[in-house]
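Trainee: For the record, the sequence lines run as chains X and L.
Position one of the first sequence corresponds to residue 501 (the working numbering), numbered consecutively onward.
Position one of the second sequence corresponds to residue 14 (the working numbering), numbered consecutively onward.
Since the hints were derived computationally from the structure, they do not count as laboratory data.
Nothing false has been slipped in among the hints.
Pair by pair, the computed Cβ-Cβ distance ranges are: (1) L:55 x X:520: 20 to 26 angstroms; (2) L:39 x X:539: 19 to 25 angstroms; (3) X:582 x L:74: 40 to 46 angstroms; (4) X:579 x L:29: 50 to 56 angstroms; (5) X:582 x L:23: 24 to 30 angstroms; (6) L:70 x X:514: 44 to 50 angstroms; (7) L:84 x X:517: 44 to 50 angstroms; (8) L:42 x X:570: 36 to 42 angstroms.
In silico DSS-like pairs for lysine-lysine, Cα to Cα no more than 25 angstroms straight-line: (9) L:116 x X:568; (10) X:556 x L:116; (11) X:560 x L:116; (12) X:577 x L:116; (13) X:549 x L:116; (14) X:577 x X:552.
Note that CB positions come from ideal geometry on N, CA and C, so glycine has one too.
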Amino acid sequence: GNSVTQMEGPVTLSEEAFLTINCTYTATGYPSLFWYVQYPGEGLQLLLKATKADDKGSNKGFEATYRKETTSFHLEKGSVQVSDSAVYFCALVLDTGRRALTFGSGTRLQVQP
Amino acid sequence: SQTIHQWPATLVQPVGSPLSLECTVEGTSNPNLYWYRQAAGRGLQLLFYSVGIGQISSEVPQNLSASRPQDRQFILSSKKLLLSDSGFYLCAGRDTKISTNEKLFFGSGTQLSVL
Numbered sequence: 501g502n503s504v505t506q507m508e509g510p511v512t513l514s515e516e517a518f519l520t521i522n523c524t525y526t527a528t529g530y531p532s533l534f535w536y537v538q539y540p541g542e543g544l545q546l547l548l549k550a551t552k553a554d555d556k557g558s559n560k561g562f563e564a565t566y567r568k569e570t571t572s573f574h575l576e577k578g579s580v581q582v583s584d585s586a587v588y589f590c591a592l593v594l595d596t597g598r599r600a601l602t603f604g605s606g607t608r609l610q611v612q613p
Numbered sequence: 014s015q016t017i018h019q020w021p022a023t024l025v026q027p028v029g030s031p032l033s034l035e036c037t038v039e040g041t042s043n044p045n046l047y048w049y050r051q052a053a054g055r056g057l058q059l060l061f062y063s064v065g066i067g068q069i070s071s072e073v074p075q076n077l078s079a080s081r082p083q084d085r086q087f088i089l090s091s092k093k094l095l096l097s098d099s100g101f102y103l104c105a106g107r108d109t110k111i112s113t114n115e116k117l118f119f120g121s122g123t124q125l126s127v128l
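My request is simple: use the sequences and hints to build the entire structure.
Mentor: Okay, structure coming up:
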């Protein structure tokens, strides 16, 4: 079956530090990959996505590259801010069937001033 | 833009009591709708999905049921809650007007504690 594995949190960083949140996946077929973010008290929001191998998704200074050879989609940001504190979910969807997202367990990021 | 209203945000229920969680959709019609659950330390697990009124597919055997009485209304129910039903429940939707659209929009979730 399909699955997504994320690094466990919480991840605690100082402001302006470099961020990496690891995500790997297994899937039958060729999935699209996503990062969703949930800020405190808010619903999940799409952060970025990539639909095919070697695509790079980017948004708000975050980036992730679809690596088919390593089945990975690691999230990176060069300089985090306190406002980036949230829970980050890696997810995949196959372009067939019910097209429901398969999520990782989420990684909580805490950025300290 | 599409939005999902989901309530309540938190709920504490005794074992054996019934459950009804509701979400309503604004901003689109005929969406695909999904109920997810996140148990402690685990990912979001798909429980049910619906492609239209009265059409419900269950992903995992469980103590819960879902119904879609109206196009923009999706309800998660239980007749008797179990301790293992505790978790974070999330309603999600997908706009089907764009056939290649993979993006989901989400409600804010309900944290259910069964005691």
